[in-house]
Amino acid sequence: MFCFCVGEDIIFLPIFNVIKETKGTSSFGKRHNKTHTFCRRCGRRSYHIQKKRCASCGYPAKKIRSYNWSMKAKRRKTTGTGRMRYLKIVHRRFKNGFREGTKPKPKQRGGAAAKS
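Quick note on numbering: the UniProt record's numbering labels position 101 of the sequence shown as 101, and the sequence is numbered without any gaps.
Take the hints with a grain of salt, since some may be wrong.
[What the hints assert, rightly or not] In silico DSS-like links for lysine-lysine, alpha-carbon gap of 25 Å or less:
1. K62 with K77
2. K51 with K77
3. K62 with K52
4. K88 with K105
5. K74 with K63
6. K74 with K52
7. K63 with K77
8. K30 with K51
9. K63 with K52
10. K74 with K88
11. K62 with K51
12. K88 with K77
13. K62 with K74
14. K51 with K63
15. K88 with K51
16. K23 with K51
17. K88 with K72
18. K72 with K62
19. K51 with K34
20. K52 with K88
21. K95 with K105
22. K103 with K74
23. K62 with K88
24. K95 with K107
25. K63 with K88
26. K34 with K23
27. K95 with K72
[Claimed, not checked] Pair ranges (Cβ atoms, derived):
28. R99 with F38: 41 to 49 Å
29. I89 with R41: 43 to 51 Å
30. I49 with F98: 43 to 51 Å
31. K30 with T78: 51 to 59 Å
32. T79 with K103: 27 to 35 Å
33. M71 with R93: 55 to 63 Å
34. K30 with H91: 52 to 60 Å
Hints in this document: simulated from the structure, not taken from any laboratory. Think of the CB as a built atom: it goes at the ideal place given N, C-alpha and C, for glycine as much as any other residue.
Input sequences plus hints: build the corresponding full structure.
Structure, rendered in structure tokens:
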């Protein structure tokens, strides 16, 4: 309450503290819960808890999420950026013509120096 005197009379006027609540900066400080958690396929913190979908790789979809308008993102995730546990073995087998059932020649002990 705010009061002021006019002559001998005291007048009381209510003053309301008008706090302007916005949708911007002041609202962001009140956020405590998290919308995204870690994805079990790509490991990034992009798995939306309510949607049950990863924003980065698209898990649980079978195919990895990728778009042709983002060439840099495709370059980061393409074949060869990871371990390639199976494909590097296939590449080695390809160089030898996919041969199977053969044994390597036994190595000579000492080599050519031992013969002379």
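Going down the list of hints, with the structure as the test:
1. K62 with K77: 16 Å, holds
2. K51 with K77: 23 Å, holds
3. K62 with K52: 14 Å, holds
4. K88 with K105: Holds - the C-alpha atoms of K105 and K88 are around 24 Å apart, at most 25 Å.
5. K74 with K63: 14 Å, holds
6. K74 with K52: Answer holds: K74 to K52 is near 23 Å, not above 25 Å.
7. K63 with K77: It holds: about 13 Å lies between the C-alpha atoms, which stays within 25 Å.
8. K30 with K51: Holds, because 22 Å separates the two Cα atoms, which is no more than 25 Å.
9. K63 with K52: 16 Å, holds
10. K74 with K88: 20 Å, holds
11. K62 with K51: 16 Å, holds
12. K88 with K77: 17 Å, holds
13. K62 with K74: This hinted pair holds, its Cα atoms lying about 17 Å apart.
14. K51 with K63: Roughly 18 Å between the alpha carbons, so the hint for K51 and K63 holds.
15. K88 with K51: Between K88 and K51 the Cα gap is close to 36 Å, so the pair fails against 25 Å, i.e. violated.
16. K23 with K51: 24 Å, holds
17. K88 with K72: 24 Å, holds
18. K72 with K62: Judged against 25 Å, a Cα distance of about 22 Å means the pair holds.
19. K51 with K34: 13 Å, holds
20. K52 with K88: This hinted pair is violated, its Cα atoms lying about 34 Å apart.
21. K95 with K105: Given that 25 Å is the threshold and the Cα spacing comes to 18 Å, the pair holds.
22. K103 with K74: 41 Å, violated
23. K62 with K88: It holds: about 23 Å lies between the C-alpha atoms, which stays within 25 Å.
24. K95 with K107: 22 Å, holds
25. K63 with K88: The hint holds at about 22 Å.
26. K34 with K23: 18 Å, holds
27. K95 with K72: 30 Å, violated
28. R99 with F38: 41 to 49 Å: 44 Å, holds
29. I89 with R41: 43 to 51 Å: 23 Å Cβ-Cβ, so the 43 to 51 Å window is violated.
30. I49 with F98: 43 to 51 Å: 46 Å, holds
31. K30 with T78: 51 to 59 Å: This hint is violated: roughly 41 Å between Cβ atoms.
32. T79 with K103: 27 to 35 Å: Holds, since T79 and K103 (Cβ atoms, about 32 Å apart) stay within the stated range.
33. M71 with R93: 55 to 63 Å: Cβ of M71 to Cβ of R93: about 31 Å, so the range 55 to 63 Å is violated.
34. K30 with H91: 52 to 60 Å: 54 Å, holds
Checked against the numbered hints above, the structure violates hints 15, 20, 22, 27, 29, 31 and 33; every other hint is satisfied.
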